[in-house]
Amino acid sequence: MGALLPALLSLLPLLASAGQLTLQSPRVTITGPDASILRNEPLSLAHPLSPPLTLGTSDTLKLTFQILQKDSGKGVQPHQTFLRFHDPQTDEEGVQPLRVSSTGKANFELNLARPPVSIPPTPNASVPLHVTLIIGSFKHSPLSQPLFDLYLPVSHAAPQHPDEPMYHPLSEIQHTFRPDPQTPYVIFSAIGTMAVVAPWIVLLGLWGSIPHRLPHLSHPLILLFVGLLASFEGLLFWYWVELRLGQVLLYGAILGGVTVAAGKSALAKVGRWRVGTA
Amino acid sequence: ASTTQSPIEALWISYNATTPSRLKLIDSFLVFILLSGAFQFLYCILVTNYPFNAFLAGFSSSVGQFVLTASLRSQVNPLNRSQFKDVSPERAFADFALGSIVLHFFVFNFLG
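In order, the protein sequences belong to chains A and B.
Quick note: the first sequence uses our numbering, first residue 62, plus one each step.
Quick note: the second sequence uses our numbering, first residue -4, plus one each step.
None of these hints come from the bench; they were simulated from the model.
Everything numeric in this text was worked out from a predicted model, so none of it was measured.
Keep in mind that the hints are not guaranteed to be accurate.
Selected chain A positions facing chain B (in silico; Cβ < 8 Å) [to be verified]:
#1 Phe249
#2 Leu267
#3 Trp268
#4 Glu294
#5 Gly332
Backbone N, C-alpha and C define an ideal beta-carbon position, used for all residues, glycine too.
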């Protein structure tokens, strides 16, 4: 597999040159309304046609060519053949599909008495349309061949779509964000802390004032159980400051098992004391 | 009860006289939780709610603990024995302890 890829890559240049197209004897003719020939010239693929073509309102432009494969010289009927008219100033364009015979021969006639829909508007008399031949084929590499520049009679400019201003960029939004929240002054935090600690004083005061008896508090089972509950709280505090979730769940499971065992025996003892059987 | 006493005074005197001391311990704990939650809420309104998750964690710990303690008190109260036939006071305390630990775990998680 490692040796296959370079071998395939080395074949790519062969594939690229295998399918190159070229035009044979491209010729453009302009005839006047009385069938007089105004211009009749072959097109060169390397140099642009000069002077550029001018078409009057009642003249006829005729373009003929044959598409050949470069290496073998055989005629080719490609899958897509288009003639592109492009206005370089307004960037309007029109694309005209051409019909090509099976031997590769094509011809195209342009008469402004019946203009095809693909001609773009020419509002400026001094700007010609660039005419390009575009060929696309599955079996060959594509071809984009500039042919000539064409001056057409002046027409109205392209109408502006009523929704076009909707696509203009909007003005930049100026947004002032709310300032970040800050911790309040120390005095407020101190008052708040004292306010939260104050209920503890209330609780201890109330517990002290209630006359109660806890006769069994010093029993070892009770102390063990209460101590394990306190250690559970300590584990949760340790989780808050340092532990990760997996660790606290593991330690909590272990501690919970021990606490449940201690609690069962402690609470059973308390139940027996309550009932009176001890 | 003399007729010059207000209903609130009568309630207080009756409460003091009839409530067992164990229940009074639990009641003072409930008062503590109430005050704690109220002060946290006042601080949040008056000063700042800046670490909002901290306020939520603290306040919900007050509320949750209050609910757990209130249910413990109602299950342990000897006057409610008929309602809680299959829940012994020891079982109620075990439930209270377990619920409190789980509540504290979630509160510490949210405290951040």
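Does Trp268/A pass the interface hint, meaning its C-beta sits closer than 8 Å to a C-beta of chain B? Result: holds, 6 Å to nearest chain B Cβ.
Tell me if the interface restraint on Phe249/A is satisfied: Cβ within less than 8 Å of some Cβ in chain B. 5 Å, holds
Please verify that hint: Leu267/A, Cβ, nearest Cβ of chain B, below 8 Å or not. Since the shortest Cβ distance to chain B is 4 Å, the answer is holds.
Evaluation of the interface hint that places Glu294/A against chain B, nearest CB under 8 Å: 7 Å, holds
Let me know if the C-beta of Gly332/A comes in closer than 8 Å to any C-beta of chain B, holds or violated. With a closest approach of 5 Å, the Gly332/A hint holds.
Violation of the numbered hints given earlier is absent; every hint is satisfied by the structure.
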